Structures are given as C-alpha cells and as structure tokens.
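Novice: Listed here are the chains, written in short residue letters.
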Amino acid sequence: MSYIKPTFRHPTLPKNKIGFAKADYEGKISTLCAGCGHDSISASIVQACYEMAVEPHKLAKLSGIGCSSKTPTYFLDNSHGFNSVHGRMPSVTTGAYMANRDLIYLGVSGDGDTASIGMGQFVHAIRRNLNMVYIVMNNGCYGLTKGQDSATADYGSISKAGSKNMFQAIDLAGMALELGATFVGRSFSGDKSQLVPMIKAAISHPGFAFLDVISPCVTFNNNNGSTKSYDFVREHIEATAAIDYVPPKAQISVAYAEGQSAEVKLHDGSSIHLSKLAPHWNPSDRNSAVNRLQAAKTKGEVLTGLLYIDPESQDLHELQNTVGTPLNQMGESELCPGNEALDSINSSFR
Amino acid sequence: MYNYKLSKNKILKPTDIRDPEYFHKVVDCQYACPAHTPVPEYIRLIAAERYTEAYMINWESNVFPGVLGRTCDRPCEPACRRGRISDEEEPVAICRLKRVAADNKSEVKHLMPQIPEQKNGKKIALIGGGPASLTVARDLAPLGYEIHLYDEWPAGGGMMRTQIPAFRLPIEVLDEEVNYILNMGVHTHFNHYVSSMREILEKDYDAVFVGTGAPRGRDLKLPGREEADANVHIGIEFLASVAFEHLEKVGKKVIVLGGGNTAMDCCRTSRRLGGEDVKVVVRSPFKDMKASPWEIEDAQREDIPILNNMPPKEFVIEDGKLKGVLFGKVRAEYDENGRRKLIPTGEPDEFIACDDVMIAIGQDNAFPWIERDLGIEFGKWDLPVLDKVSFQSTLPKVFFGGDAAFGPENVITAVAHGHQAAISIHLFCQGDDVMNRPAPMTNLVSQKMGIHEWIYDSPVVDDTRFQVPHEDKVISLKDRKIEVELGFDEALGFKEAQRCLNCDVQTVFTTSSCIECDACMDVCPTSCITFTTNGEEEDLRARLSAPAENLSQSLYVSEALPTTRVMIKDEDVCLHCGLCAERCPTSAWDMQKYLYNVTKAEKCYQ
Ligand SMILES: Cc1cc2nc3c(=O)[nH]c(=O)nc-3n(C[C@H](O)[C@H](O)[C@H](O)COP(=O)(O)OP(=O)(O)OC[C@H]3O[C@@H](n4cnc5c(N)ncnc54)[C@H](O)[C@@H]3O)c2cc1C
Ligand SMILES: Cc1ncc(C[n+]2csc(CCOP(=O)(O)OP(=O)(O)O)c2C)c(N)n1
Ligand code: SF4
Ligand code: SF4
Ligand code: SF4
Ligand SMILES: [Mg+2]
Numbered sequence: 031m032s033y034i035k036p037t038f039r040h041p042t043l044p045k046n047k048i049g050f051a052k053a054d055y056e057g058k059i060s061t062l063c064a065g066c067g068h069d070s071i072s073a074s075i076v077q078a079c080y081e082m083a084v085e086p087h088k089l090a091k092l093s094g095i096g097c098s099s100k101t102p103t104y105f106l107d108n109s110h111g112f113n114s115v116h117g118r119m120p121s122v123t124t125g126a127y128m129a130n131r132d133l134i135y136l137g138v139s140g141d142g143d144t145a146s147i148g149m150g151q152f153v154h155a156i157r158r159n160l161n162m163v164y165i166v167m168n169n170g171c172y173g174l175t176k177g178q179d180s181a182t183a184d185y186g187s188i189s190k191a192g193s194k195n196m197f198q199a200i201d202l203a204g205m206a207l208e209l210g211a212t213f214v215g216r217s218f219s220g221d222k223s224q225l226v227p228m229i230k231a232a233i234s235h236p237g238f239a240f241l242d243v244i245s246p247c248v249t250f251n252n253n254n255g256s257t258k259s260y261d262f263v264r265e266h267i268e269a270t271a272a273i274d275y276v277p278p279k280a281q282i283s284v285a286y287a288e289g290q291s292a293e294v295k296l297h298d299g300s301s302i303h304l305s306k307l308a309p310h311w312n313p314s315d316r317n318s319a320v321n322r323l324q325a326a327k328t329k330g331e332v333l334t335g336l337l338y339i340d341p342e343s344q345d346l347h348e349l350q351n352t353v354g355t356p357l358n359q360m361g362e363s364e365l366c367p368g369n370e371a372l373d374s375i376n377s378s379f380r
Numbered sequence: 012m013y014n015y016k017l018s019k020n021k022i023l024k025p026t027d028i029r030d031p032e033y034f035h036k037v038v039d040c041q042y043a044c045p046a047h048t049p050v051p052e053y054i055r056l057i058a059a060e061r062y063t064e065a066y067m068i069n070w071e072s073n074v075f076p077g078v079l080g081r082t083c084d085r086p087c088e089p090a091c092r093r094g095r096i097s098d099e100e101e102p103v104a105i106c107r108l109k110r111v112a113a114d115n116k117s118e119v120k121h122l123m124p125q126i127p128e129q130k131n132g133k134k135i136a137l138i139g140g141g142p143a144s145l146t147v148a149r150d151l152a153p154l155g156y157e158i159h160l161y162d163e164w165p166a167g168g169g170m171m172r173t174q175i176p177a178f179r180l181p182i183e184v185l186d187e188e189v190n191y192i193l194n195m196g197v198h199t200h201f202n203h204y205v206s207s208m209r210e211i212l213e214k215d216y217d218a219v220f221v222g223t224g225a226p227r228g229r230d231l232k233l234p235g236r237e238e239a240d241a242n243v244h245i246g247i248e249f250l251a252s253v254a255f256e257h258l259e260k261v262g263k264k265v266i267v268l269g270g271g272n273t274a275m276d277c278c279r280t281s282r283r284l285g286g287e288d289v290k291v292v293v294r295s296p297f298k299d300m301k302a303s304p305w306e307i308e309d310a311q312r313e314d315i316p317i318l319n320n321m322p323p324k325e326f327v328i329e330d331g332k333l334k335g336v337l338f339g340k341v342r343a344e345y346d347e348n349g350r351r352k353l354i355p356t357g358e359p360d361e362f363i364a365c366d367d368v369m370i371a372i373g374q375d376n377a378f379p380w381i382e383r384d385l386g387i388e389f390g391k392w393d394l395p396v397l398d399k400v401s402f403q404s405t406l407p408k409v410f411f412g413g414d415a416a417f418g419p420e421n422v423i424t425a426v427a428h429g430h431q432a433a434i435s436i437h438l439f440c441q442g443d444d445v446m447n448r449p450a451p452m453t454n455l456v457s458q459k460m461g462i463h464e465w466i467y468d469s470p471v472v473d474d475t476r477f478q479v480p481h482e483d484k485v486i487s488l489k490d491r492k493i494e495v496e497l498g499f500d501e502a503l504g505f506k507e508a509q510r511c512l513n514c515d516v517q518t519v520f521t522t523s524s525c526i527e528c529d530a531c532m533d534v535c536p537t538s539c540i541t542f543t544t545n546g547e548e549e550d551l552r553a554r555l556s557a558p559a560e561n562l563s564q565s566l567y568v569s570e571a572l573p574t575t576r577v578m579i580k581d582e583d584v585c586l587h588c589g590l591c592a593e594r595c596p597t598s599a600w601d602m603q604k605y606l607y608n609v610t611k612a613e614k615c616y617q
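Heads up: the protein sequence lines correspond to chains R and E, in order. Start counting at 1 in the first sequence, then tack on 30, and there's your number in the working numbering. Start counting at 1 in the second sequence, then tack on 11, and there's your number in the working numbering.
Don't read these hints as lab results, they were simulated from the structure. None of the values given here were measured: they were computed from a predicted structure. Cβ coordinates follow ideal geometry from the N, Cα and C atoms, glycine included. Among the clues, some could well be false.
[What the hints assert, rightly or not] To spell it out: a stretch of chain R is covered by chain E in this simulated footprint if at least three of its residues, at any positions, have a beta carbon under 8 Å from a beta carbon of chain E; those stretches are:
#1 36 to 48
#2 69 to 75
[As the list claims (entries may be wrong)] Distance windows between CB atoms, simulated:
#3 27/E <-> 280/R: 40 to 46 Å
#4 132/R <-> 572/E: 41 to 47 Å
#5 460/E <-> 48/R: 41 to 47 Å
#6 41/R <-> 483/E: 35 to 41 Å
#7 200/R <-> 27/E: 48 to 54 Å
#8 33/R <-> 521/E: 25 to 31 Å
#9 561/E <-> 277/R: 26 to 32 Å
#10 99/E <-> 191/R: 34 to 40 Å
#11 298/E <-> 41/R: 19 to 25 Å
#12 478/E <-> 87/R: 38 to 44 Å
#13 464/E <-> 87/R: 58 to 64 Å
#14 483/E <-> 33/R: 40 to 46 Å
#15 277/R <-> 464/E: 39 to 45 Å
#16 347/E <-> 277/R: 38 to 44 Å
Using the sequences and the hints, build the whole thing.
Specialist: In structure tokens form, the structure reads like this:
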C-alpha cells in the first residue's frame, strides 16, 4: 500500500488570493478504508479552506477518537492540530478558544465520539455558543472498533452481520436545534456541491456551527438494509435548499427565482444564498426548521442542507466579555497582575 | 490518432478501450517512437537488472539498441510524460537507458531467430546497406528468404558507419549489431555500387528493396568555390573519408557552415584531426538551428563557438588558395505566419580566416541509377511515388524505405520503415494483398498482487534527470575513436530508470463496479479524475477537476453511472501511481499493464 503521496500536482492548478495552491491544504495520504466517506469530507474541507483562502496557520483542527477523528492527519498539514481523547474534543477546543480567539476552530468528531461518550461535552459546547465548526462524520457505527451500532444508527437499520437495531436513533441535528445552536446543517459526504459551501458558511458563522455529515462506512455499514449506505442515502436524500456561499465583496452571479430564494448575510460580509426546495421553511426560524426536520423523518427522507442559522449570533467571548487579545500575545504583567490586583478584585466582591 | 466518437448531440461517448490505439497513445514515448518500442517495459527490466531481456525487447523493435542507445534522435523524449508534469522536470533519459541494456547484457545470439536451412525459394535484393535494408533482412531472413545486399562501401551499416563519428558510436558496437544480421546468411555484395536498376530487375529477384539513403550532400556555389576546392569539403563526404581513414588531418583553422547535426559532427571531428580554432557559422538565429540541443551542447563543450545571423558571401582566395570566408550580417524577422526573412543589418561584412571549410547545409536524395522508364514513378523533389503504409512503389515488386523513401530522417525511422516494408514484401511474395496487414499484438494484464500491492514500482520518485558522465575532454579530443559519453553505470541507470512513470500500466475503469464514493477523485495527486454530467468535449475539458488544456491528450469517458454522471479521466498528467485503484473500495479502477507490439513480418501467417 502506498504511504506517500507523489509530490507532483497538476501543473496548471491555480493559486488562491493568498498565493496557496489546493495542495498546500492537503494532508498525509489517508489510511482509512478505501472508499470511506470520511475521506470525501476531508477533501471538502481542503476545497473549502483553499477557496476561502484560509491562512493555514490561523486554523486549529481538533478531534477525539475514531476513524473520523483520525482525519485531521489527512487535511490541512500546515495547520495546528490536537487529537484529544475519546469524546473530549469539545473541552479541549473550549480551552483553546478561551486562550486564543483569533484562530478558526475546526472540530472533527464521529457519531460515536459525539453521541455516546462525548455527549456531555457536545451539549455544553452548543449551549456556550463556542465559535467553532463542529463536524460529525456520521456513519451510524463505531468504524474504528469494527462497526458496532452507534447511537445515531436508525431504528430498524440492518448491520453487516444481519441484526436489526432495536434502539431509537439520536438525531444530532435535531438536538443541536433544541439546545439553541446558532448554525445547524446536515449534508452527505457524497455531495460535495452541497458540502463545500456549507463548510464555508460554517467557517464564516460567528458561533457554534454544527454540521452532521452522513458519511458511509464502506467496510462495516454499507450493506443492504443499512440506512447509512451510499445507495440508501442517495435514494432517500432531500434538501432544504440548494446552497451557494458568496464570499465578501463578490458579485452575485446566480439568478434566483422570486419567492423561492433567501439570502442570509453573515458578519464577515459574506452571504449564503439559498434556492429553496422546501416550502414552509425559513432558515432563520428555529421552529420551522424543527418542523421541517420532523416532517422529513416521518416521510423517511434524509433531509440535508442548511437547517437553521442565527446571523445575529453572539459567541462565548462576546457573551463573557473576555479579553480580545490572545493570551499568548500578552506580557507576564498583564497575565499575572500581582497580589494588589487580586486583592482589589476580591474586595470588590465583599 | 485516437478520435473521440461523438454522438448526435455531441455528448462524449464512452471510450472504447478495445481500440488498440487508445491505450497505445497513453504510452507517450512508445507512441512517439517510429518503431513503437515498448519503452517502459524495457526500463522496468533495466531497473530489475534484467539487461539481456531489456536488450531483446529493444532488438525486436529497433534492431540496433547499442547504436540507438548512443545516437538515436529520440523523438520519444520530447513526448515523455515526465517532461510535462512540472516545470522543473525533464523527460526520462530513455535513449541512454537503452545503452545501459546494451552495455550490460550477456550473450544474446541464442535468443535471436533461427535461420532455416531450407529456404522458401524467394530471392530479395536490398540496395544499400543502411539500417533500413538491414531491418528488412532481419525480418525476412528468418522466414527463409534468400537475401542479397548491395552497398558501395566495404562494410554494412550505411550512414551509421560512414557518417556517425566513432567518438559518438564506437565501431565495435556498430559491427556487433550489423553482424547479428549479416550472419543470418545474408549474401553481401560490398564495394558494389548499383549503377542500373534495370540490371537488378533483370536478375531473378522476387522483390527489390531500395534503401540507398539520401547520399548527396548539398554544395554552396559562392564566388571562389572552384578555386578553393582543395580546402572546401562537403560535410558528409568529409565524414565518410574520415570514417574510412582516407583523411586524417585538417587545417588548424576550420569553418563549418550549417546548423544541423551534420555540422555538429563535422566541427567535432575537425577538433580531433588538428583543428584548433574551429567555428560553426550559421546564417540565421541560433534558436532556429536544426541540430538537436544535446549535440549543440556537446560541440560547445569542446570549445567550438557558434556564430549566428551571418550568411556566407564569398570564399576569399589569395594566391590561388583559400584564405577565409566573407560573411554578411543579418537579423531575422518573422511575419504573422511565422515565416522567416533574413534582413541585412547594414553592418560591414566580416571576414573570418581559415584553412578549411566544411559545407554542412543539407542532403538530397539522388537516384541517377534508377532508369526512368521502368515503371517506377518519381514525384516532388525527385522522390519515388510510394504508398505510405506499404512502401510499395508504382512498380509492384519494388519497395523503398529509410531516407530513400521520403527524404532524410534518422536511424529509428529507417528501422520502422524496414519493418513495414518487410511485411509488404512478405505478403507480396506470398501472392497476397500488401494492404492485408495483421493488427498489432496487444495484451492487458492486471498488476494486482495482494490487496493494495502492485507488481510494478508504483511510487513516484522526485529525482530530476541524471546526466550521463563524459570522458575527460583533454583525453577525448586526442583521438577521434575515444567515445565521449561513458554511459550510465548500473547504479545511475537504476536511478534514472526509477524516474519512469510506467505509463504502460493503464488505469482501467469498470463502470458497473463504481459506487461513486469519490475516493479516486479525492486522492488523485494530479487531479486527473472527475465525476460530472456529460457534455460536449470543449465544455467538459473546461470544467474538469483541473482544466484539460492539452488537446493532444485523450479523455477517458465511462458509461453513465447510477447518478447519471460519468467518470472522466484526463490522461494528460496521470502519474500512473495507482492511488486511484488503491483507494477504490470496489476495484472499479485497476492498474493493468498494456503491451503493444507492432506487427512484424513473422506474424503474417501465424
Ligand atoms: C553526419 C550525419 C550524422 C547523423 N547522425 C545521426 C544520429 O546521430 N542519429 C540518427 O538517428 N541518425 C543520424 N543520421 C541520419 C542517419 O544516418 C540516416 O537517417 C540513416 O542512416 C538512414 O538509413 P538508410 O538505411 O535509409 O540509409 P543509409 O544509412 O544512408 O544507407 C544507405 C547506404 O546505401 C549506399 N548506397 C546508396 N546508393 C547506392 C547504390 N546505388 N548502390 C549501392 N549502395 C548505395 C550508401 O552509400 C549507404 O551506405 C546522421 C546523418 C548524417 C549525415
Ligand atoms: C475512552 C475510550 N473508550 C472507548 C474507546 C474505544 N473506541 C475507539 S473509537 C470508538 C468509537 C468511534 O466511533 P465514531 O466516533 O463513530 O468514529 P468512526 O470510527 O465511526 O468514524 C470507540 C468506542 C476509546 N478509544 N477510548
Ligand atoms: S472502518 Fe469504516 S469508518 Fe473506518 S475507515 Fe473504514 S470505512 Fe471509514
Ligand atoms: S494513477 Fe490514478 S491516482 Fe495516480 S495520477 Fe493517475 S489517475 Fe491519478
Ligand atoms: S474510488 Fe472506485 S468506487 Fe469510488 S468513485 Fe472512484 S471508481 Fe468509483
Ligand atoms: Mg462512526
């Protein structure tokens, strides 16, 4: 098996506006199973960061444990990274974010890492509106430990060994909506035309941006009867809207049909254009998103696309009114102002 | 040339990989080689130290691996994929690797075809003993033909012997490879200039092959030419006289007129025969010189200046003897069609003193010995009228090949012609239609070994092209027989061989197996693969993962996939790294080695 990717790239590939080629956003060659959906999500992250001209040293990728949590090795080789313990990505990200708000935080997790062992951490990251992108590569199983059903496996889904899942599935997107997440979307690893703009919008969003990305496990959960297989998802996929991410200052080139389209302005001057496919759904109305999600579930559809966004979102630093300067850029006297300062703080509480 | 088959609405049709030319074209070097030598196959054998087999693969295709490994014009190299995968990359040293096989092979005679004792009763005359005729002999002698070869010189090889200097091609190397053929029971008539085709036709030959080359060097009729005759030499005549040791010395100051490879051989030969101040003077700009870049470099390395934009005007004579040459000064202008005009600059003429002048400004065909009433028609430039595939002339039993067919080319082209003419002669002598030619032999074999292992070395090395070591200049200039290039040793040969991208190991796609997971598209380092909706070629080429701007390279198009999209692979800069096939969960991609062998005469009645 090849363990090094050739260094040659297509000679005519362009550079983005900060002078980097797409190859500059790539990582090591993947060691996941051939055909794993997670690799397509990695490729979409590379594409999104390249197109947005993210400065690689201004991004930190964080993950837990699982095949999905291994993927940060396979993208953004020139960025910061922290591969934490199982289910603990949110707390490590919280720490990092509190210390330095200048970086883009890209958290990568799995359905096992998030919906089981990491559930306690996940929900609090949402509540706090941590300014991060939280991607769950959702394959309905524990890929790394040989494919046991996870908490997102649908009721009745058939495992590779032939057994039927007897438990109700946790819908992570629904939960995120319930808990007040300010950006919620769902996508499919096999649909880059939707996933790439969603990742870009999520990066632009100032607050907790949650992406539940269905990502087939080719080895343990791509069999007939599985509801997370390539075939099943392709047959049942529906979208709230066709999504287009328009970077700041860019001309809008797409024409949208009257009444069918919505535009969401983001803080950084970029915007999201939605060409709506679902009636009675408004991306900035949480209730309509919850309803739409429920309706899809009843019909047995896999609903993808942007579900909800609160463009007025205020992230944790704003809510806490914490210092704007990253801690690593402050001097000792500022970080440790001494006993006198402590005494005056303490006395203010007396 | 492979053609896309367009349906009515111009959407690309699935690629027909059963067309033998489709994958052949992907093997850029082999496709560009006039004899279609299976290049990557022999390069892999060199890397595996299997030199004898590497030599025999060459010998089957090009008959003179030792000669060509030193002197080939190497049309394969500009075509080599390696040269276009990045700005810093140069082609694989395909030609010089061939020499590694020739230098390190062991005994090969027993691997060559047996010559039947019992002949087939047909007699063939070959006129001229160059590579074209020798190739015809190599293909027909094993089939039982009685071969008679005529050449005006005392030994075989044609211009490989009379023109290519010994410091580029040692005589032993040439002798060895010429003798492999002559020893196939060929009846040689050396020192025999054929002065009448009629006489040949009156003999009992069943077919005649004309491989007499382009033996007439062009002269330059300028004022003073006749008076200076003793010191003015026609380049190819000069080189032949040196080769046969009729001439061993030139003057100290030599001017070579002309900018082609013959000029390079003349100036470098002069440096070895007493020429101390040797100059090449070309009438047009340096960049328009016809000589191969490496031959120019070799000349410059031997302290031979090349003066450009100076057309000669006069041979200057003093006391009835050549004193030097007078040159005008021009600059080049190109019109919108790229046609060049040389415009005098108005600067004063320049006189350059010299003892000898070599005129190396081109060669022409000459068939004074072929009577024009035999039914052999001649056309433009006094070249024979031939069928481009069969090489048959308007007199059915007479065939032409090599430089005699379409004008001066090179050794490998002569060999390619020889193979094709041999097929025609064989079919003709068996009473068949010469156009009834067998298809090429092809073979496509999976390289899979275990789950994600390949039989070939799939990793792509980063090394840039290795240089062939040269003999010390002081030593090599002393004696014209000392070979300048020392060749790659085995270690360097291995490293250079590893640069080959194995373009014959094809990416073969099976539509029905693909689950459209995108893994191949994501992993491909050079963005060759795209899954998209079908369309017209021009539109598609613009919207692939990377724009497919090299129109000479094919697009590999699948049948429609379940999502109605198609897989499109731009063959242009595929590294044949096998990653797509390694990352494919269903083996919809497989790496398969494609062997393509041009038909030879021996395959006609098998
Ligand atoms: C100076 C020079 C350097 C070259 N260097 C290279 C090189 O490095 N690499 C390369 O690939 N090519 C090179 N070439 C070109 C190459 O030599 C020829 O293209 C090739 O030899 C042509 O082969 P052929 O079989 O057609 O004829 P030739 O090799 O020309 O052989 C024809 C033979 O027929 C003989 N002949 C002609 N008329 C008659 C007749 N009526 N009766 C009997 N005999 C006759 C000729 O004397 C000659 O021996 C070079 C050419 C020149 C002039
Ligand atoms: C504390 C702890 N408990 C259990 C494990 C074993 N373990 C490793 S990965 C994994 C599940 C991963 O599932 P998921 O997050 O869905 O990732 P996937 O491999 O499916 O992408 C488990 C239970 C562990 N590594 N650490
Ligand atoms: S086990 Fe499943 S999730 Fe893990 S790499 Fe393989 S296909 Fe992907
Ligand atoms: S072999 Fe496959 S992965 Fe490698 S360059 Fe060619 S198409 Fe791309
Ligand atoms: S990796 Fe294989 S299955 Fe996946 S898209 Fe490519 S060819 Fe199809
Ligand atoms: Mg999982």
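Novice: All hints, please: hold or fail.
Specialist: Now the hints, each set against the structure:
1. Against chain E, the stretch 36 to 48 of chain R contributes 8 residues with a C-beta closer than 8 Å to a partner C-beta. That satisfies the three-residue criterion, and the hint holds.
2. Counting residues of the stretch 69 to 75 of chain R whose beta carbon lies closer than 8 Å to any beta carbon of chain E gives 4, which meets the minimum of three for the stated coverage.
3. At roughly 43 Å, the beta carbons of residue 27/E and residue 280/R sit within the given window of 40 to 46 Å.
4. For residue 132/R and residue 572/E, the Cβ-Cβ distance of about 44 Å falls inside the hinted range of 41 to 47 Å, so the restraint holds.
5. For the hinted restraint 41 to 47 Å between residue 460/E and residue 48/R, the CB-CB distance of approximately 43 Å keeps it satisfied.
6. A beta carbon spacing of about 38 Å between residue 41/R and residue 483/E agrees with the range 35 to 41 Å that was offered as a hint.
7. Judged by the Cβ atoms, the range 48 to 54 Å given for residue 200/R and residue 27/E holds: they are separated by roughly 50 Å.
8. Taking 25 to 31 Å as the suggested C-beta distance range, the pair residue 33/R and residue 521/E conforms, at roughly 26 Å.
9. The beta-carbon spacing between residue 561/E and residue 277/R, approximately 31 Å, falls within the hinted interval of 26 to 32 Å.
10. The hinted range of 34 to 40 Å is not satisfied by residue 99/E and residue 191/R, whose Cβ atoms lie roughly 52 Å apart.
11. A C-beta distance of roughly 24 Å is found between residue 298/E and residue 41/R, which places it inside the suggested range of 19 to 25 Å.
12. For residue 478/E and residue 87/R, the hinted distance range of 38 to 44 Å is satisfied, since their beta carbons lie about 39 Å from each other.
13. Between residue 464/E and residue 87/R the beta carbon distance is about 38 Å. The supplied range of 58 to 64 Å is therefore violated.
14. In this structure the hint that residue 483/E and residue 33/R lie 40 to 46 Å apart at CB holds, the actual value being about 44 Å.
15. Checked against the given bound of 39 to 45 Å, the beta carbons of residue 277/R and residue 464/E, roughly 44 Å apart, stay inside it.
16. About 42 Å separates the C-beta atoms of residue 347/E and residue 277/R, a value consistent with the hinted range of 38 to 44 Å.
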